[in-house]
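Participant: Residue numbers (my numbering), protein chains in the order written: chain A, 1319 to 1684; chain B, 1319 to 1684; chain C, 1319 to 1684; chain D, 1319 to 1684.
One thing to keep in mind: the hints can contain errors.
Any copy, or any two copies together, can satisfy a pair, since identical chains are not distinguished.
Here are the simulated DSS-like pairs of lysine-lysine, each with C-alpha atoms no more than 27 Å apart in a straight line [said to hold, decoys possible]:
1) 1632 - 1589
2) 1628 - 1589
3) 1642 - 1519
4) 1519 - 1632
5) 1632 - 1365
What the hints contain is simulated information worked out from the structure, not anything from laboratory work.
There are 4 protein chains.
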Amino acid sequence: MSTNSFGRMFTVTTWGESHGPALGATVDGCPPNIALEPEMLQQWLDKRKPGQNKYTTQRQEADAVEILSGVFEGRTTGMPIQLMIRNTDQRSKDYSDIMDKFRPGHADITYWQKYGIRDYRGGGRSSARETAARVAAGGVAREALRSLLPDLRITGYMVQMGDRAIDRSNFDYNQIEQNPFWTPDAQAAADWADYLDRLRKSGNSVGAIIEVTARGVPSGLGAPVYGKLDTDIATAMMSINAVKGVEIGAGMGAATLTGEQNADEIYMSDKGPVYSSNHSGGVLGGISTGQDVVCRFAVKPTSSILKSRKTIDKAGNETEIITKGRHDPCVGIRAVPVGEAMMACVLLDHVLLHRGQVGENQGRIG
Amino acid sequence: MSTNSFGRMFTVTTWGESHGPALGATVDGCPPNIALEPEMLQQWLDKRKPGQNKYTTQRQEADAVEILSGVFEGRTTGMPIQLMIRNTDQRSKDYSDIMDKFRPGHADITYWQKYGIRDYRGGGRSSARETAARVAAGGVAREALRSLLPDLRITGYMVQMGDRAIDRSNFDYNQIEQNPFWTPDAQAAADWADYLDRLRKSGNSVGAIIEVTARGVPSGLGAPVYGKLDTDIATAMMSINAVKGVEIGAGMGAATLTGEQNADEIYMSDKGPVYSSNHSGGVLGGISTGQDVVCRFAVKPTSSILKSRKTIDKAGNETEIITKGRHDPCVGIRAVPVGEAMMACVLLDHVLLHRGQVGENQGRIG
Amino acid sequence: MSTNSFGRMFTVTTWGESHGPALGATVDGCPPNIALEPEMLQQWLDKRKPGQNKYTTQRQEADAVEILSGVFEGRTTGMPIQLMIRNTDQRSKDYSDIMDKFRPGHADITYWQKYGIRDYRGGGRSSARETAARVAAGGVAREALRSLLPDLRITGYMVQMGDRAIDRSNFDYNQIEQNPFWTPDAQAAADWADYLDRLRKSGNSVGAIIEVTARGVPSGLGAPVYGKLDTDIATAMMSINAVKGVEIGAGMGAATLTGEQNADEIYMSDKGPVYSSNHSGGVLGGISTGQDVVCRFAVKPTSSILKSRKTIDKAGNETEIITKGRHDPCVGIRAVPVGEAMMACVLLDHVLLHRGQVGENQGRIG
Amino acid sequence: MSTNSFGRMFTVTTWGESHGPALGATVDGCPPNIALEPEMLQQWLDKRKPGQNKYTTQRQEADAVEILSGVFEGRTTGMPIQLMIRNTDQRSKDYSDIMDKFRPGHADITYWQKYGIRDYRGGGRSSARETAARVAAGGVAREALRSLLPDLRITGYMVQMGDRAIDRSNFDYNQIEQNPFWTPDAQAAADWADYLDRLRKSGNSVGAIIEVTARGVPSGLGAPVYGKLDTDIATAMMSINAVKGVEIGAGMGAATLTGEQNADEIYMSDKGPVYSSNHSGGVLGGISTGQDVVCRFAVKPTSSILKSRKTIDKAGNETEIITKGRHDPCVGIRAVPVGEAMMACVLLDHVLLHRGQVGENQGRIG
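Just chain A, same shape as in the assembly (with noise of 0.2 Å):
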């Protein structure tokens, strides 16, 4: 019951902080046989990766990932994989000066009152480093789904910056390779390129929210209470650094419907039951129905500002802080491939439970 851990059968460690010498995920439970090696896991970190555009912090990790077990001739053992990414640029005298102030907002308070530690070299663990390692361990994730599930497409774009939501009209799912916030919107793209500038120079920044879908879903993954498929997805996308909210289907939304509107009728397809609509974002009762899983969750604003704001020191003295550091104006843009990863793990966690207990999809429509 480890608090650093998720997942059932798939499960994922992570450890290591933004300023140690290293973090890294311990990923337990994979399939054995799988092909894997190092650039495969390598493409999604260089997606998450800070400095490759000005709209994401310029600290420079080169983020290249090893892995230390699990693997013997380029293909997974069935044991622990072990994946350490080394931390490289960490000039930690950037948060000298506020070595003992509590950053509004951000979790450097909670921590000191826990635990009693004040690890001022940018929040420790409770850095978005952290999110590094469940990038790293849901590239193993999506290597196993691509032998188990070869039409699975799991995908995460930005739908929403700031008060700036897209325009569904415009939805083009080639276009998030396009522009610097992944999404789908090229419209929202040139107006978020704007509004985001100002931000950043005004030392402001701002929230978002992200959406991930996942096209190919088997019906029957899931279970019915505790360990729902929505559930667990929104267990996954919660546990992201600054996430606020997560919304499954309709979600927040489902408030607003009547049953009529919310039920999606059921038609028989050639290839099985299809529905009217997916107001339930692929999941009925905690069980994948085969439509696509959509999950969308908000990340806050980048607590660490240039903007002076009230706050206290450990002496309990009330003074100001600002923080200087190297931070990202809207840190929604790298939660995307962080939200896939998760998605990606929660996924594989779901079919190999489903296997295990069920052996295979059993009931039969038509």
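The hints should help you fit chains B, C and D onto chain A, whose structure is shown.
Facilitator: Just chains B, C and D now, kept in the frame of chain A:
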């Protein structure tokens, strides 16, 4: 890793179907020597019990809880507490005409696809009756919390029905017990009464948003990454039937805030740190700040309605369905005590985890 | 991490005290669509049931098991299976005179020291009655194994009573059901009958060694390190009341062997690998070889005896105690079906785990 | 439910193969603010390290442990502690000639049968090198225990080599560090030296029995059923490579005792309850009594020997094998610090669990 359990130290496993002989909860990890009598649990079950007014299903259930183990001479022993609730008013015949059809928006089809089981008796395990077991378990957690955190107050209430949100300026805790919707806004209660009555008569249903607030939570509860206090609260709420979205503090709205707006400023009082606002919902970096812990969740409308919907049957034939049965026009009403119960379970779990790992709150301020 | 649960995918949580209203097991993770009727479980409970002959406690218990959930129309649903056994013959008065005294060799004193609870009604949770719940759960595991591994045979038997071991040259599986001691050695049965009768009449008790063999276990069950098949078997057996030692294959005797003697040589047959001997007990590196899986465990003598023993009471006064009650002169007899049940649970758990992670036995020889 | 993890609150997940780049342990749940430096762990690794005398494998490994996370300014932070040990002397070529053959008594064949993986480089995950990670993790547990239970003493020693048991009348704790076998009987040490030398020269190996005693364990640690202190100790010891049997207190010998002999009588002292004997091994009903906690485990002889043995290869051909490599004539010697480490991990886990659920030892006597 039972998918029917939750909690790390204070663990709850619920069991039972809506139309079997009984359902209940196996509760383990409760501290010993806590005074516990069935009446202490019954009060919460009575709050959730159906048939109390025209806004909830007319199914008549005593929902009388029996304590089968773990209590000796009126005090917990530290051993598993088995809570059993007999099903009394089953009337399975109500469901016989939908035996082979799948209700849109309901788990019928996914349970069939996963398990090859079609429990037509009201959905079996996916019925909202499962939440009775949560409420009973939550009652145990409340009694343990009463002795560990005497100042703790957990309160759930409805803040939105359909698209009708409460007016926060009308917020009055004393109103919550004064209306059938558990809402703190008396005006909203009056408005919702008419609205829901019309929906009910038309055989339709509607969604809602419930908010659960915990006052008097000490700082230092939670953990840094996957065992975050807010992650565990989100997990607990998302696992409740029909919940499609969960928010902590500013929730999805955090996306619209700037870092300057979001960062709750910190001041010093004679009682310790105080904050200018509570966008964090009482949790920073997964650990409680000492502010009110605030979460919200959206409950979708009941999928069993009197409106005819298109669907298919087990043979794959397209057909239509009207679900007669006895259902809640706004199942969100009865989700209020369920949300409170889940909050109680999560908080007790983290109180015990914190005491186990850290012993006592260690960081001193001032 | 309930300390009253075991198993990873097939999980069993037992609950209940010897003198409460009922006890039972919450069984989760069972595959769906397994035929299950109470009679299938009752046959094993009847084998463990007390009062069947003069060698077991005269307490009269029907030990009738009820299935409260997880079964619909005679088949498992994949949901939690709640098994309840009512206590009928409680006669707490038998214990009233030892209310404040601690029985030497019994858990009375440690439960008091840990929990501050003194359940004088026969030891409450530490009573051997807890094992009835294990036997019921094991019955569920057997039915699932019957469909997954039809050739599997699990057999427990007594190989030593006091210092009287069986003569392996007399070993006859057919004898096991022919005597009250479940021993495969008819001569030992005759000898033990006189021996135990004398002990019983003198108010004394004696220990025993039970062996449990699983024939027809496929190769490939288990895991490399902490989830070793033999580790999980040892855990399961050591968790049975009164067990003080566990052995796999050569067991403690492995210490006396040389590497040359211990290394079971491997030959090839048309059915696959065969071995010259089975010092490994059917497990190498934590994974099954396909040979018989063999374990033994030692059960200490019942601590509740008619002999006067020196002890103390809650006030710390030194005193003496004679435990009247109704006890087993050799509780090891009734441990036989318990050991079988635990073996069944562990094997099913590993069958499901293997299917989940690996899918199917992958390495081919020849 | 990783099968490479153990512990409930203090959790250890080991990773790595004998011939990969590194191996280690991910340790979570450690209390914060415990002083921890690599040297504190290195002392125990040096005790286990191979090549220290002619009685252990001549493989040269520095076994230098690095702390990659969870420690800040010399104190634990309460976050995961990543311990890494680089493999330096791998010499895989030693194994190249057995690439397709399965070593009798070794995990080669079962790993192949389960995973379809043949890591011929010294058995990969099944190598005794995995125990280095346990020793490092145990070092962390010892430092935490030092602050929580200052009077605790954990001592492991060899009590039997082959069929040569120590003479308990020679037992002297001070002798343990004075001989290469960690035995408290100086005469046995002299005898074993000749015996093992002859075995080693003949290319053979032999088994051994290790005893681990914990003095100063408070009463009240453990749990009633599946989380028994002695069950968890048995689990921990049985999970060590090559262990085939585990005993608590009287162990397998408990079978030979009568109830009268076995029931340790209780007296009162000014320090609390004292016992006339310790057949229980310091545990009653799964909970510690305050007496010494005593366990023993049998280590089978190394299966990699210079004696030719019959076996088969991957193609199913019958053949013979001689394992050259560099192996331990009595691997039990190096199991001593491993057993100590496992005892430390189990005790810390239960100290934290007890503090979490119960808070403090509650039952008072006298």
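Participant: Now tell me if each hint is right for this structure.
Facilitator: Verification of the hints:
1. Within a single copy, residue 1632 and residue 1589 get their C-alpha atoms only as close as 63 Å, which misses the 27 Å cut-off; across copies the closest is 15 Å, which meets it.
2. In this assembly of identical chains, the alpha carbons of residue 1628 and residue 1589 lie at most 27 Å apart only when taken from different copies (18 Å versus 60 Å within one copy).
3. Proximity of residue 1642 and residue 1519 under a CA criterion of 27 Å is satisfied intra-copy only: 13 Å inside one chain copy versus 60 Å between copies.
4. Proximity of residue 1519 and residue 1632 under a CA criterion of 27 Å is satisfied in neither setting, with 31 Å inside one chain copy and 60 Å between copies.
5. In the homo-oligomer, the alpha carbons of residue 1632 and residue 1365 never lie at most 27 Å apart, since the shortest distance is 38 Å inside one protomer and 42 Å across protomers.
When held up to the earlier numbered hints, the structure conflicts with 4 and 5 and fits the remainder.
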